[in-house]
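*Asks:* So the chains spell out like this:
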Amino acid sequence: MMIESLKYMPHPKEANAALAEHFTDLAPALNARKAAIESSRCLYCYDAPCTRICPSDIDVASFIRNIHDGNVNGAAVGILKQNILGGSCARVCPTEILCEDACVRNHDAEGQPVKIGLLQRYAIDNMSLDEHPFKRFPSTGRKIAVVGAGPAGLSCAHRLAMLGNDVVIFEAREKSGGLNEYGIAKYKLTDNFAQKEVDFLLAIGGIEIRHGQTLGGNVQLKDLHTQYDAVFLGLGLGASKQLGLTGEDAPGLLAAVDYIAALRQADDLSQLPLPARAIVIGAGNTAIDMAVQIQRLGAEEVTLVYRRGFEAMSATEHEQHIAKENQVRMRTWAQPQQVLLDEAGRVRGMRFEKTAMVDGRFGGTGETFEIAADAIFKAIGQSMDETGISDPLAKTLKRDGEKIHVDDRFRTVLPGIYAGGDCVAPGQDLTVQAVQHGKLAAHAIHEDLKSMTASITAAPKVEAA
Amino acid sequence: MADLSIEFCGIKSINPFWLASAPPTDKAYNVVRAFEAGWGGVVWKTLGEDPAAVNVSSRYSAHYGKNREVLGFNNIELITDRSLDINLREITQVKKDWPDRVIIVSLMLPCEEKLWADILPLVEATGADGIELNFGCPHGMPERGMGAAVGQVPEYVEMVTRWCKTHSKLPVIVKLTPNITDVRAPARAAKAGGADAVSLINTINSITHLDLDQMVAFPVVGGASTHGGYCGSAVKPIALNMVAEIARDPATKGLPISGIGGIGNWRDAAEFMALGSGCVQVCTAAMLHGFRIVEEMKDGLSRWMDEKGYTSVSQFVGKAVPNTTDWKYLDMNYQVIAQINQDDCIKCGRCYVACEDTSHQSIAQLIDAAGVRTYEVIKEECVGCNLCEITCPVQGCITMVPQETGKPYMNWTQDPRNPRAEKVAETV
Chain A
54 MMIESLKYMP HPKEANAALA EHFTDLAPAL NARKAAIESS RCLYCYDAPC
104 TRICPSDIDV ASFIRNIHDG NVNGAAVGIL KQNILGGSCA RVCPTEILCE
154 DACVRNHDAE GQPVKIGLLQ RYAIDNMSLD EHPFKRFPST GRKIAVVGAG
204 PAGLSCAHRL AMLGNDVVIF EAREKSGGLN EYGIAKYKLT DNFAQKEVDF
254 LLAIGGIEIR HGQTLGGNVQ LKDLHTQYDA VFLGLGLGAS KQLGLTGEDA
304 PGLLAAVDYI AALRQADDLS QLPLPARAIV IGAGNTAIDM AVQIQRLGAE
354 EVTLVYRRGF EAMSATEHEQ HIAKENQVRM RTWAQPQQVL LDEAGRVRGM
404 RFEKTAMVDG RFGGTGETFE IAADAIFKAI GQSMDETGIS DPLAKTLKRD
454 GEKIHVDDRF RTVLPGIYAG GDCVAPGQDL TVQAVQHGKL AAHAIHEDLK
504 SMTASITAAP KVEAA
Chain B
5 MADLSIEFCG IKSINPFWLA SAPPTDKAYN VVRAFEAGWG GVVWKTLGED
55 PAAVNVSSRY SAHYGKNREV LGFNNIELIT DRSLDINLRE ITQVKKDWPD
105 RVIIVSLMLP CEEKLWADIL PLVEATGADG IELNFGCPHG MPERGMGAAV
155 GQVPEYVEMV TRWCKTHSKL PVIVKLTPNI TDVRAPARAA KAGGADAVSL
205 INTINSITHL DLDQMVAFPV VGGASTHGGY CGSAVKPIAL NMVAEIARDP
255 ATKGLPISGI GGIGNWRDAA EFMALGSGCV QVCTAAMLHG FRIVEEMKDG
305 LSRWMDEKGY TSVSQFVGKA VPNTTDWKYL DMNYQVIAQI NQDDCIKCGR
355 CYVACEDTSH QSIAQLIDAA GVRTYEVIKE ECVGCNLCEI TCPVQGCITM
405 VPQETGKPYM NWTQDPRNPR AEKVAETV
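As you go down the protein sequences, you meet chains A and B in turn. When you read off a place in the first sequence, starting at 1, and then add 53, the result is the number in this note's numbering. When you read off a place in the second sequence, starting at 1, and then add 4, the result is the number in this note's numbering.
A hint or two may mislead.
Listed next, with one range per pair, are the computed distances between beta-carbon atoms [unchecked claim]:
hint, chain 1, residue 1, chain 2, residue 2, range
1, A, 110, B, 73, 29 to 39 Å
2, A, 377, B, 304, 40 to 50 Å
3, A, 183, B, 369, 38 to 48 Å
Which bits of chain A does chain B cover? Going by a derived footprint, with three or more residues having C-beta under 8 Å, they are [said to hold, decoys possible]:
hint, segment
4, 90-98
5, 117-129
The set of hints was computed from the structure by calculation and includes no laboratory data. Idealized CB from N, CA, C, for every residue including glycine.
All chains, full assembly: derive it from the sequences and hints.
*Replies:* This is the structure in structure tokens:
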């Protein structure tokens, strides 16, 4: 386990059952009555702003109207048609900056937006379908490799399968789901939802997932390229960025995502190593998830430190509010300067330098302070694990900065190789965006392959299904 | 605060709010509670001949709005299912205890003069202020030749009214059924029979909704259903029209009207009164909220009267009647055009899609570079139909603004575009 470096620490004081209580649903589900009231608030806007802003093109006004009309299955299928991971997106989407921010009921005179995220969750959680809502098209006879069983890869695989293709997903981890399984705060996706959603998605058939398959390790891109009709890379961002300080590998200092993954996978929360005082460095949702979760496990003092001000945080106001509600201390305008170690070489705190904007330029002020801590969690961003794309073929992929370059159809510069999700440049690094990329890439792959076949056989196009 | 007392066909009432003949007025217990709450009067639930009617279970159903608010209500109850004797004794006692409150006794009997001649002295002996003839009940009773079965035949209405005027000195209010093509016919008949007033509307034949699993309408009685009588907020527009029809009919002009049908607040009451109702009767709203609502109704009406400078109810009763006319006398040269207040607009696009799909394509959807929508009225295309104003969820955001056409009043009978213009004008 990646959190070996914390094993000398004590465990939470509470027993597993008591701890589990702290990780129940952050935003409890709507019951039927609440869903009826909330859906009645929707104005069924024309050209609805919520729909326009949804990265995965869910027809929000339509599904809410279906909920209100008692057609929950219709609502759910309407969501899943555009976003097969609609259930987890309903839980993890930053709706406060997406659909709910666009809701016309935000207007000064209106009060508050319709709770779209909770309504979406209501539809998915309460659907009662006799069979998988999507049928596979007649077989194309083609086989496509998908790398990564995260939101992008799963979405792509599902859509490809639906279009009549067979898919093999290569996944490095033991479980599927990617971020949803390993990287999101436990209280946002309770009841093993990520796994249940994967099971539902796979029920369409035609998708095989091979676990323990690491690109650049036991799987090489060039092999996939030759063995499959097409390849989709849904790599995600597996590597944590470094602070660049000495002592970064000291016991007590680790990436927040590693701890979150361990927490998510723990059968017994009381066996997790728990620092009494912790520092979390970063300002994104991962930083907040980390800080809040460790506080809930029983840490006495959790301080989140960010080098700029609140307004610059990538965690939304809603997320910041969650942190405050959970007694996370937030310290802005300070950057890490030195990891402080005790005699045994373990983390005992961190020295920070105060920062400021001077004449429009950001920088350190020279003034420092220290925060004592038993552990430091860095959540300053993720990047692609470069080992995955270091083989000779992968090296020829064009890049946009650190990310893989794709065109507007999610094609990389290598024919037959597509990519989407967090590993490509377009879009925000959001689950819902990854789902959309996977879906659109699947269509591109399917159509590209079809037109290739058409041009070879010069046969007239036959529309599937 | 303005004085709410009225005199309605000779009957004095401390306020114009009466409870209509219905379950809330079926017994002394309820009526006393109503009087304690402040109602000016009640029309005691319809008495009939013994043995008393027998009711089924269940009896009520409802037509709901988006938030499960009851828009319309429906019942299949019959007239009182308690004996005549009990009712008469209770009426006597309550009237004695509450001398300043109005008690009207509703009656329903077969069309035989002797039955009416026998019951009327008994009713009069209670001390009641008047009687109301139930010619409107649309369910159950018509099958027995009463209720709406009488109200639908003007000759019967006139005949029974005359019997009552013959055998009783009490004021006679004839309650009319809306289940008829032209409500003016029974109203005229009532007047011809000597009625002191009419009250309307009684309930409308209706089926509110169905249980699609059991394939049966509501209310369900052992797996079957029947049409009920519709009332509540949803029937108000129908009732208002019928009241106006009678108020402006030369044959019944001046005949006192007790307005009934979907009155749930002071504004509804004021509207009925402006169209000619001297008092109003309430039932469904009280059944849904209890008798206490009369408090807000009295307060609201009184404050509105103060604002408008009315010191008595009679000053505004019937005030909207002269402004209610036939279509052919409306001004063909009057023109309104929709105007959208952009500050209030929440950009929901409902006005746009309604006009674009179903009306005159007179709203433009403008999209700027940032993708922000703006909706603007295309004045040249707008016919002033009100659809956009109606679909707009923000009250007051879209207004219909009168245009200065510079043209004088011209109705259809005068309009050169009317191929029969002169003929119509001649017959007016």
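*Asks:* Each hint needs a verdict: does it hold in this structure or not?
*Replies:* The hints, checked one at a time:
1. Remark: the range hint 29 to 39 Å for residue 110 of chain A to residue 73 of chain B is upheld by a beta-carbon distance near 34 Å.
2. Take residue 377 of chain A and residue 304 of chain B: their Cβ atoms lie about 45 Å apart, and the range 40 to 50 Å holds.
3. The hinted window of 38 to 48 Å between residue 183 of chain A and residue 369 of chain B holds, with their beta carbons roughly 41 Å apart.
4. Residues of the segment 90-98 of chain A lying with their CB closer than 8 Å to a CB of chain B number 5, which satisfies the three-residue condition for coverage.
5. Residues of the segment 117-129 of chain A with a Cβ under 8 Å from some Cβ of chain B number 1, which does not satisfy the need for three, so the listed coverage is violated.
Checked against the numbered hints above, the structure violates only hint 5.
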